[in-house]
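A.B. asks: Chain by chain, the residues:
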Amino acid sequence: MGFIHRFLSRRAAAIWQAETRLLHRLGYVRPPHAVQWLATSLCDLRCPHCYTQAGRRTEGELTASEACRHIIDELVVLGRPTFVIAGGEALLRKDFGEIVAYAHRSQVPWALHTHGGRVEQLLPVFARYPPAMVAVSVDGPRTYHDQFRGREGSFDGALRAIAGLKQLGCPEVVAGTTVNRHNADLLADMLPIVLDSGADSWGLHLVTPEGRAGGHDLLPTAPQLRRVASFARRLRGLVHVELDNEWGSAGEDDCFYRDQPFLCGAGRFVCVVTPTGEVTPCTTTDRGESAGNVRTTKLRDIWAQGFAAFRQPGDPTRGEGLDCWLQTRHGKSCRGAAFFGADHTHDPHKLVQVSRLRGDQHV
Amino acid sequence: MYKQQNHRVLRGRLRRFVVRAMAIVQVAWVGDAEARQPVLPADSPAAQPDVLAEYYRRAAGSKLSPKQRRALAQLLYHPVARSPAVVALATGYPVPTTFAGVLATAGPTSDRELLAALDEVEKVAIVDTWVVALLWNRLGDIPEPKTMPARLLRRKLLHRLTTHARLATALVRARAEVSRIEFAPWRSKAAPPPGYRRGPSSLEIAVAVGRHYKRADPGTWTSSAVSEVRVRRGKSGLDLIRGGQAVKLHARFTLGRLDLLETTKEVVLQTSVGPVTLPAGRQLSAWQLPTLVAGDTQKNVDALILSALAGDEQALTTLSEVLPFAHLSLRRAVQKSPEAKGAPGLRMLLALFDDAVVRTENPNPAPSPAP
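Note that the protein sequences, when read in sequence, are chains A and B.
Mapped onto the working numbering, the consecutive letters of the first sequence carry residue numbers 1 to 363.
Mapped onto the working numbering, the consecutive letters of the second sequence carry residue numbers 1001 to 1371.
It is worth saying that the hints were derived from the structure and are not from the lab.
In this text, a Cβ means the ideal position worked out from N, Cα and C, and glycines have one as well.
Some hints could be false.
According to the in silico footprint, chain A covers these stretches of chain B (three or more CB under 8 angstroms from chain A) [unchecked claim]:
(1) 1017-1023
(2) 1119-1132
(3) 1170-1177
(4) 1211-1224
(5) 1310-1320
(6) 1344-1355
Here are the simulated EDC-like cross-link-like pairs (lysine to aspartate or glutamate), alpha carbons at most 20 angstroms apart as the crow flies [said to hold, decoys possible]:
(7) A:166 - A:120
(8) B:1341 - B:1302
(9) A:166 - A:200
(10) B:1336 - A:189
(11) B:1265 - B:1239
(12) B:1341 - A:189
(13) B:1214 - A:66
(14) B:1341 - A:146
(15) B:1299 - B:1312
(16) B:1146 - B:1113
(17) B:1248 - B:1266
(18) B:1214 - A:252
(19) B:1235 - B:1262
(20) A:298 - A:252
(21) A:94 - A:61
To list a few chain B residues with every Cβ distance to chain A over 12 angstroms, as calculated [said to hold, decoys possible]:
(22) 1026
(23) 1149
(24) 1265
(25) 1266
(26) 1300
Pulled out of the complex, with its shape left as it was, chain A reads as follows (with noise of 0.2 angstroms):
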């Protein structure tokens, strides 16, 4: 067992994708590990690291019953994984008590990103139907975080959401900071800040080129990226802080950067319904890489007849799963300076050619 153990960990990741081809081969898929659903476009704030252009309503949103029935009651089928309810402002819905309350009855896990500004109103929800997990987003010290949300006093209620959230006895409050050009050197003046909310870990997510973010170049450089990557390995000892999926795989370091090898989710064990329904491999606002949608089929057959280039090889950025694919298909691999180096080019297809040399080495 000793021997399995330890093989199965130091080749966790080579194992997972010779599992996902041979499964894929074999004509099966596993279950979703967690479905993500962007309940909604609606939001009250206008950030400009926004994944999905975020703002106004989308027309032909799901309504409570078809998420109930088109996601709640699939995921029950595949085996209850995580429900994982996002946005635009997911607690802006004003029938979210309903959804969670079905997802609760039917023993569906679920878990939920917000900004946090109406944790506190809905706080009763909260303790009716707890969660698994709650991350509220903190982009940095109050003035940063109020100018780049633009709203005075989302900095004080993001921080009571967390506060409250806890005091409800929520298992996981996650504070989520998007790494971005603006903040990247905040995040020492935000340690104690982080400390003192009493969110559980810090979860250090990178600017993703999409949505609104899409229309600026947010990401931070690569000094920058080695800057927040150093400070990140150094507070793992004391604090609970993850190098969240954006950020690709630090090969045989990822050990010092999160509690898992990183393996890209997309289309392998995560999904994401988007408001109007369309499954997507993850929160891409690209439509065109959408596998169906839950109006037309049911999850469990886009889940398990999409997707096949993430779970064979043969596409460099979808097959190989040691990089995020997003940040990828977007030529945004000078990622890799974080962990690789300063002689690390920005060579798109470089971080995947690098992960896949280190694994060997690893191996």
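Since chain A is already given, all that's left is putting chain B on it; use the hints.
C.D. replies: Frame of chain A, contents of chain B only:
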């Protein structure tokens, strides 16, 4: 739209097991070369299987909860609260006496006390880079050693800190190796499954640590907040002490924060901001080097700091490459202009230099005359 395929969702534990077994066989076919010879540092109290197992149990969360770890971080971060009683009360952390004394910011300390504190924490299986950061930061309060025994003691302390940092690296790698790995979406998307625990307890850690220790480096201590330098004059009078030992000196080398420079004659180092003269007969650490920066080099540092304070990203990057020589000027600048546009960037650099255990006091080590 993706090409449709006629696939089904896999169900049943047996089928999953069979496919997993097939995948393992397929990957195993490639071979699994690994070094099996455990090599552990002989002089570290932490490098004993039972101590390492204790570390692992603690890291797995059975002793120190995430809440306690966060509380500990807060205490380290807010020096006002660093009293041993507060530490014990707030965290339940078994902080040994001498180490608890070192946690407190006030009061003098010495190399000998820091070594004793390190011994204590290693014996109770506290192995982490923050321990190195905390002790190394206190080193900034101690004057440069002048006598040979004092210098040897300083070498020993830095050797032990380097060993500790390497051990911490090896432990992280070993934990990742023997822990249960699941590709869980909750890294950023969802939540850990009910009852999830980070890794099992296992004595296997000792073997894994031994295997990794052989090639482990001190992590961020040698990879960041370091400085590339060239010896311009007096190479024969310079010793680079790394991990307590003199290492072969090349004309160009990377000066780490755990390194010592010992001079027998005057030496001139070329940094990316200008030359720095090291007087003869000194033992210098990164805490003393800024006091030797003078003339045009200091002017260059000051100009870079002014630009960085104004928000110049390139100046910030250049400063990050000379931190062992410039950190003192950075501290002064940040103290003087805490609200400047670029001040957060400078604080970030200082956090990297101090290894995220931020000092509130100005270390200001007094330059001591050559013995």
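A.B. asks: Of all the hints numbered above, which does this structure not satisfy? Sort the numbers upward.
C.D. replies: Per hint list: 13, 20, 22 violated.
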